[in-house]
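Participant: Sequence:
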Amino acid sequence: MRLPDELLALIADEASDSGEERCGEERCGEERCGEERCGEERCGEERCGRRGAAGSGSTTRACGDLLDGVADWGPVATPVGELHLVPVQAEQDLPLISRWMNDPAVAEFWQLSGPRSLAADHVHAQLGGDGRSVPCLGVLDGTPMSYWEIYRADLDPLARHYPARPHDTGIHLLIGAVTDRGRGLGSALLRAVADLALDKRPACARVIAEPAMRNTPSVSAFLSAGFRFSAEVELPDKRAALMVRDRCLRDLM
Numbered sequence: 007m008r009l010p011d012e013l014l015a016l017i018a019d020e021a022s023d024s025g026e027e028r029c030g031e032e033r034c035g036e037e038r039c040g041e042e043r044c045g046e047e048r049c050g051e052e053r054c055g056r057r058g059a060a061g062s063g064s065t066t067r068a069c070g071d072l073l074d075g076v077a078d079w080g081p082v083a084t085p086v087g088e089l090h091l092v093p094v095q096a097e098q099d100l101p102l103i104s105r106w107m108n109d110p111a112v113a114e115f116w117q118l119s120g121p122r123s124l125a126a127d128h129v130h131a132q133l134g135g136d137g138r139s140v141p142c143l144g145v146l147d148g149t150p151m152s153y154w155e156i157y158r159a160d161l162d163p164l165a166r167h168y169p170a171r172p173h174d175t176g177i178h179l180l181i182g183a184v185t186d187r188g189r190g191l192g193s194a195l196l197r198a199v200a201d202l203a204l205d206k207r208p209a210c211a212r213v214i215a216e217p218a219m220r221n222t223p224s225v226s227a228f229l230s231a232g233f234r235f236s237a238e239v240e241l242p243d244k245r246a247a248l249m250v251r252d253r254c255l256r257d258l259m
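Going letter by letter, the sequence shown gives residues 7 to 259 in this note's numbering.
For the record, the hints were derived by calculation from the structure and aren't laboratory data. Keep in mind that this is a model prediction, so the values were computed, not measured. For every residue, glycine included, the Cβ atom is placed at its ideal position computed from N, Cα and C. Heads up, some of the hints might be wrong.
Here are the simulated lysine to any residue pairs, SDA-like style, with alpha carbons at most 25 Å apart [stated by the list, open to error]:
| no. | residue 1 | residue 2 |
| --- | --- | --- |
| 1 | Lys244 | Ser226 |
| 2 | Lys206 | Lys244 |
| 3 | Lys206 | Ser104 |
| 4 | Lys206 | Glu114 |
| 5 | Lys244 | Gly120 |
| 6 | Lys206 | Ser230 |
| 7 | Lys206 | Gly120 |
| 8 | Lys244 | Gly70 |
Listed next, with one range per pair, are the computed distances between beta-carbon atoms [said to hold, decoys possible]:
| no. | residue 1 | residue 2 | range |
| --- | --- | --- | --- |
| 9 | Leu258 | Leu124 | 37 to 43 Å |
| 10 | Leu124 | Pro85 | 18 to 24 Å |
| 11 | Asp136 | Asp243 | 28 to 34 Å |
| 12 | Pro110 | Asp257 | 36 to 42 Å |
Please build the complete structure, drawing on both the sequences and the hints.
Facilitator: Given below as structure tokens:
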């Protein structure tokens with residue numbers, strides 16, 4: 007199968023810009039919820055990094071995650087503002103997440119458009135899972151503007167389709183507002199979050215992503231964010247571009 011010309015050009019440009027030797031290899035569409043996703047066991051108090059914590063009726067994970075405590079990663083400075091990954095509070099955040107999922111541009115790839123219950127089931131499966139996936143809102147300068155899933159790629163069904171390594175960390179991202187798309191925000195935020203994961207997860211050597219091959223804007227954003235194209239992977243629901251940001255190359259790309 008021939009790759010789209012636009013994607014071939016993007017990959018070629020990235021390769022020529024980087025001339026360095028690549029190290030390492032490279033979400034799986036199947037069961038994209040509490041089954042997917044990194045860290046050590048943490049317990050204790052309920053967490054909510056958001057300004058203005060959710061009320062007692064909210065669903066939140068109380069015993070940490072397998073990703074070295076995403077709730078405690080804290081804000082990070084980016085070229086476009088201060089970004090804070092705030093773990094989802096289901097009852098509080100689902101109306102916004104469901105609205106984003108029903109945007110046609112998002113629905114084409116996430117396939118969670120329709121009644122709010124679809125997005126709710128997707129999020130609750132992660133919140134009620136074993137901590138291998140943490141759904142978050144991306145709060146940029148105080149405004150929720152993106153939805154993220156930080157997950158253990160090595161514990162995800164994705165690991166059946168590529169040479170996974172222990173503690174590989176995966177990223178899923180959607181930008182909520184149409185006005186925030188197509189102007190470089192995604193690339194800046196992806197780079198910042200990938201590097202944040204590497205900083206906060208010493209055992210993780212690589213950050214992984216698997217956008218659809220046909221989603222050229224997404225693949226382009228990952229390339230601009232310092233990821234490399236590793237392989238074309240056939241997943242249950244899509245042909246994906248396996249994108250990798252290596253710890254050993256992060257200062258070169």
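Participant: All hints, please: hold or fail.
Facilitator: Going down the list of hints, with the structure as the test:
1. Lys244 with Ser226: 18 Å, holds
2. Lys206 with Lys244: Given that 25 Å is the threshold and the Cα spacing comes to 31 Å, the pair is violated.
3. Lys206 with Ser104: Judged against 25 Å, a Cα distance of about 29 Å means the pair is violated.
4. Lys206 with Glu114: 32 Å, violated
5. Lys244 with Gly120: The hint holds at about 20 Å.
6. Lys206 with Ser230: 22 Å, holds
7. Lys206 with Gly120: At roughly 36 Å apart (the allowed maximum being 25 Å), Gly120 and Lys206 break the hint.
8. Lys244 with Gly70: Not satisfied, since the Cα-Cα distance of roughly 31 Å exceeds 25 Å.
9. Leu258 with Leu124: 37 to 43 Å: 41 Å, holds
10. Leu124 with Pro85: 18 to 24 Å: 34 Å, violated
11. Asp136 with Asp243: 28 to 34 Å: 23 Å, violated
12. Pro110 with Asp257: 36 to 42 Å: 39 Å, holds
Violation of the numbered hints given earlier is confined to hints 2, 3, 4, 7, 8, 10, 11; the remaining hints are satisfied by the structure.
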